[in-house]
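Here's the letter readout for the chains.
2 protein chains.
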Amino acid sequence: MQKPSLPKGTRDFGPIQMARRNYILDAIKDTFQLFGYQQIETPAMENLSTLTGKYGEEGDQLLFKILNSGDFLKGVVPEDVAKGSVANLSKLAEKGLRYDLTVPFARFVAMNRNELSFPFKRYQIQPVWRADRPQKGRYREFYQCDADVVGTDSLLCEAEIIGMIRQVFSKLGLINYSIKINNRKILTGITEAIGAEGKEGPLCVAIDKLDKIGWEKVQEELQQRGFEKSSLTRLAPLVDLQEGVKARISVLAEFLKNSPIGLQGLQELEEVFLLLEQMGSNLDQVDFDPMLARGLSYYTGAIFEVKAHEVTIGSVCGGGRYDNLTGVFGLPGVSGVGFSFGVDRLYDVLEELNLFPRHRLEGTQLLLVHFDQAGFGYALRCLTVLREAGIRAELYPEVTKLKKQLEYASKKELPYVGICGDQEIATDTLAVKVLATGAQESLTLNEVIAKLQASI
Amino acid sequence: MQKPSLPKGTRDFGPIQMARRNYILDAIKDTFQLFGYQQIETPAMENLSTLTGKYGEEGDQLLFKILNSGDFLKGVVPEDVAKGSVANLSKLAEKGLRYDLTVPFARFVAMNRNELSFPFKRYQIQPVWRADRPQKGRYREFYQCDADVVGTDSLLCEAEIIGMIRQVFSKLGLINYSIKINNRKILTGITEAIGAEGKEGPLCVAIDKLDKIGWEKVQEELQQRGFEKSSLTRLAPLVDLQEGVKARISVLAEFLKNSPIGLQGLQELEEVFLLLEQMGSNLDQVDFDPMLARGLSYYTGAIFEVKAHEVTIGSVCGGGRYDNLTGVFGLPGVSGVGFSFGVDRLYDVLEELNLFPRHRLEGTQLLLVHFDQAGFGYALRCLTVLREAGIRAELYPEVTKLKKQLEYASKKELPYVGICGDQEIATDTLAVKVLATGAQESLTLNEVIAKLQASI
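Protein chains in written order, with our numbering: chain C, 199 to 654; chain E, 199 to 654.
Honestly, the hints are just simulated from the structure, not real lab data. Heads up, a few of these hints could be off.
A pair holds if it fits inside one copy or across any two, identical chains being indistinguishable in the list.
[What the hints assert, rightly or not] Lysine-lysine pairs mimicking BS3-like chemistry, simulated, CA-CA at most 25 Å apart:
| no. | residue 1 | residue 2 |
| --- | --- | --- |
| 1 | Lys289 | Lys427 |
| 2 | Lys252 | Lys505 |
| 3 | Lys252 | Lys201 |
| 4 | Lys201 | Lys289 |
| 5 | Lys444 | Lys378 |
| 6 | Lys334 | Lys599 |
| 7 | Lys455 | Lys599 |
| 8 | Lys427 | Lys601 |
| 9 | Lys289 | Lys272 |
| 10 | Lys227 | Lys369 |
If we strip away everything but chain C, and leave its shape as in the complex, we get (with noise of 0.2 Å):
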């Protein structure tokens, strides 16, 4: 006998869980297939030589290997173990686990470039694994949701990112939250024109305190990071802008003036923003942040990022244009835009803003209880036609008291049970009890039926 656990940062999902998870999927399958994207899948498993120096030097060490099958220390010789793990590593595994969605995609473009028809718009929705020290909200396994368009430059696919999001949103009926956008030519224009060029980097960071410690202490933590004085004099107008796309979009314009890419950068996103004009796009929810930062080392465009408002949890959602998706796999020039819903973050935000229905949309509508033999049997017959008509009914298995299977249904939070009794079976009705209000009434099957086909 042992007692069973879990691997740490590993999760299991519950029925409640996974149906609200569902609940989340379905709204961002639904809208990735409403904007043309098609669903591909990899393997958990990938050749370490496709994953190792795709993340840098902390992602190579966690990435999880596996052990190669069958005799695994054949190459190893005593004299090995003194040289230590990393350079007995590729003795011992030749295949890792999917540490995200990007490089597996970048390695599918790549393999099938002769079958795929571009523009390629594919989404992916699978597990990935990090053997990150494991905390409150991070995993060792977690899913990654992503959406990407690959061959095509066309900023089309930036205002098609802003739709999906608003769309997804709009179905979770979430409604306060912001897009923000920014471009890595204007961050780059930034730099440039307050000369500290190649700088978005420590600028980033440091500016991104400025809501906690304000401008003072930002201006400080600059200077420590070998900013100019009079960096920092130019940076100022820029520190606090006022509200409204437009109105920020002038003062770029004014200070990017001297900028070619600065300037270039800012007329993509015009572009973008014109486009969602266009479609009619309610842009409420847009925000221009210039000093968005996320991907710095291989973004290039456009920078997205959404964060939900009255809670505290950072940003669901974050993406970016590149330039240069499949290089390292032998297909250059292939540039792209890709996007990706944190699902672990937007259920933290619906249960937190109490969102989920009620009542699971895939769960058990009506559970059919009795009192002996004869309702049992009259309840099989019911069974049938209910599930004929497409109701997700259950019938309790087991001859047994009453107050079990209402146990039972009530543990479940079903909505409703149909008692089937003597009475029942004399009229050829069920008396349909709701279990939330305890209210019941006699109905006919067709009755019940219609009544839960009403209902959601």
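Once you've looked at the hints, dock chain E against the given chain C.
This is chain E only, laid out in the frame that chain C set:
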């Protein structure tokens, strides 16, 4: 630059394969939910202590093990190398990849015994990993698709499994198949009746070859396996049983008359048929096969297997009743019955019989194409209207030659394109072209929506 490749025995699923797999999985999920099963998911990684010893010695070897994170050679000294891989495994790896869904389910039930309401009906659809030698139709990563009820002996569960199979196959348009059912106790009874107690295994292995090699050769094999001549003589009446469930039950009732356990198995089987009759279920596809054997080491009651006719593919689903699912995890006395759909095999059957829907149910329905910037701008407006009506629509994202846009549509096998030319802009219409036939008509957006909502 590296030439990307996949680990052997693993696969990518591209858009068409995914849509087809989803078509199968949706039919299965809808059915599981209709019958009151709830979805759970467990992590890909389990502690090796959870997995080892559960699948026999061969299974232990086929487990994929995860190399410990960090300094995995920490506990290994040079002298250890000579002791070989097996002796060192526990130092290098403490986690493994899920080998099936049954053991993780048992662990889940044992760990959550106090929160679950029994009978607990769960389904689970996730990949599993086995370090098998890859070959045609056998992969190192493949999906399992299981439903189990635990915590009840009610034979309604067995009847409902047959109901679920019928429902799934009907949804998928599969008509010619047989659901073979037997009972482990009947197999025991048969060995008792022929004086070969305990030899269910070799008996069934040999009998399984009856169709291929004939009764003479099967008798030879059984004699080699230690069966007495007298046993074979007594077995003969079962070899050429007439068709028909009722007829076979009569023969077995006589055959097993001195075996209490055999008669109990037969009675359970009759009860399942009686329940199906009370549920109004058609039994056309149900076969009673008293020699059907699966999982002899764990099934204790009903045994199921489903074969599709017209194709040379083995069984597409199977399952059975077990006595003691969670005993090894410290929770004795949990019996249940489970069933598994073979997704890869169902895929092959539907493909071979050409039963997949012609257009992908989740794919883009209409691509908007254009000649110039004006058409592109008009298309932007149309796009929003179509999507708001739930039409899965795309707009070719670049202003380019019409030919290129149509090639994109035809390579993606889209059903319709909507051409946005000057005349369409002037008349507020789309020229809708059916790609398969080339037929074209001018329609208002409302007409387009009505047409596409009506078609699949």
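Quick rundown of the hints versus the structure:
no., hint, verdict
1, Lys289 to Lys427, "neither (53 Å within a copy, 56 Å between copies)"
2, Lys252 to Lys505, "neither (27 Å within a copy, 46 Å between copies)"
3, Lys252 to Lys201, "between (39 Å within a copy, 15 Å between copies)"
4, Lys201 to Lys289, "between (34 Å within a copy, 21 Å between copies)"
5, Lys444 to Lys378, "within (14 Å within a copy, 70 Å between copies)"
6, Lys334 to Lys599, "neither (43 Å within a copy, 53 Å between copies)"
7, Lys455 to Lys599, "neither (81 Å within a copy, 35 Å between copies)"
8, Lys427 to Lys601, "neither (77 Å within a copy, 57 Å between copies)"
9, Lys289 to Lys272, "both (8 Å within a copy, 16 Å between copies)"
10, Lys227 to Lys369, "both (11 Å within a copy, 22 Å between copies)"
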